[in-house]
Amino acid sequence: MEVTEVTYATEFTEVFTTKAGAIYQCDNESCWYIDFAGKLARFDYRCLLKLNKAINVIDIEKRLLDSSSPDMEIIFICACDDTYVLTLTQIIAFKELLQGTFVMLELNNIICTRLYRTAV
Amino acid sequence: MKDIIRVQSLLSVGVEAAINQQIKKEAQSSSIYLAMASWCDRNGFDNSADYFFKQSEEERAHQLKFYKYVLDMGGTAISPEVTNIKIEYNSFREVFEDALEQEVSVTESIKAIAARCHKEQDYVTLEFLNWFFKEQREEEYKARRALELFDVIGEAGTGRWEIDHHVSKIKYDNE
Ligand SMILES: [Fe+2]
Ligand SMILES: [Fe+2]
Chain A
1 MEVTEVTYAT EFTEVFTTKA GAIYQCDNES CWYIDFAGKL ARFDYRCLLK
51 LNKAINVIDI EKRLLDSSSP DMEIIFICAC DDTYVLTLTQ IIAFKELLQG
101 TFVMLELNNI ICTRLYRTAV
Chain B
1 MKDIIRVQSL LSVGVEAAIN QQIKKEAQSS SIYLAMASWC DRNGFDNSAD
51 YFFKQSEEER AHQLKFYKYV LDMGGTAISP EVTNIKIEYN SFREVFEDAL
101 EQEVSVTESI KAIAARCHKE QDYVTLEFLN WFFKEQREEE YKARRALELF
151 DVIGEAGTGR WEIDHHVSKI KYDNE
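As you go down the protein sequences, you meet chains A and B in turn.
Quick note: the first sequence uses UniProt numbering, first residue 1, plus one each step.
Quick note: the second sequence uses UniProt numbering, first residue 1, plus one each step.
Careful, some of the hints might be misleading.
Some chain B residues well away from chain A (every beta-carbon gap over 10 Å; in silico) [what the hints assert, rightly or not]:
| id | residue |
| --- | --- |
| 1 | Asp3 |
| 2 | Ala61 |
| 3 | Thr107 |
Among chain A residues calculated to face chain B with C-beta under 10 Å, some are [as the list claims (entries may be wrong)]:
| id | residue |
| --- | --- |
| 4 | Thr17 |
| 5 | Leu48 |
| 6 | Cys80 |
| 7 | Thr83 |
| 8 | Tyr84 |
| 9 | Cys112 |
| 10 | Arg117 |
If you are wondering where the hints come from, they were derived from the structure by calculation, not from laboratory data.
All C-beta atoms in this analysis are idealised placements derived from N, C-alpha and C, irrespective of residue type, glycine included.
Kindly produce the complete structure, drawing on both the sequences and the hints.
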């Protein structure tokens, strides 16, 4: 996967990886880096949630059945720096990547709470 | 690895979405009451018009209470779009029937949020919702009492004038 936007070295923790891409967390910047569709893009908390929502509202089944719908989709997230132009196959792969990421983040939340936050 | 999401916001994605839905519902209630005030005023029921103007303001206050809670907890409050508000009613009674139906649906919707909070052990939001449960007790009581006036007074003769007169006296003072 081609890396185009890394400007300085930061410590990344891999959150979730699939064949199509990967998502890393950067604790120093409190954000995530998404390596997908040939670029590495930075997402903060709000943008990551918005991206996930934007991908999830796409009705893939309907797109597959409807021959008049376009093959490409522009994912533009308001107030976020990056835009994606994705094919249907890429959207499916992106969805999988994000789903896995949110499961891992939820797991991390459980671990943090159980290990460090609760007294009992 | 830092728990960034939890640090940013107390609300889960699901609870935040549910409260944003409720914000819309309160805004709709406010608009509906405003429409009722308009109808009552146009048809000569001045006391009822005043009653609904007040209700409309209360619903706006509820909307803002939810709105500020979402923001205070680190979430994104969404200003809702309100459409399809009825203008005409078939009868004076229908106005009050709709009002009660609206309050019932608000109570049920807040109950559904609370059920979700229980599931997620979001006791903070649950505690916040308690204020609304108490409020709904009053709201349903008042709406139900108003409708009851139609039966105890009756609409015949000067009945509707009498009902309108009594609507302004409805109050709930059971703590
Ligand atoms: Fe309300
Ligand atoms: Fe109400």
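Hint check results:
| no. | hint | verdict |
| --- | --- | --- |
| 1 | Asp3 | 4 Å, violated |
| 2 | Ala61 | 27 Å, holds |
| 3 | Thr107 | 29 Å, holds |
| 4 | Thr17 | 15 Å, violated |
| 5 | Leu48 | 8 Å, holds |
| 6 | Cys80 | 13 Å, violated |
| 7 | Thr83 | 20 Å, violated |
| 8 | Tyr84 | 21 Å, violated |
| 9 | Cys112 | 4 Å, holds |
| 10 | Arg117 | 9 Å, holds |
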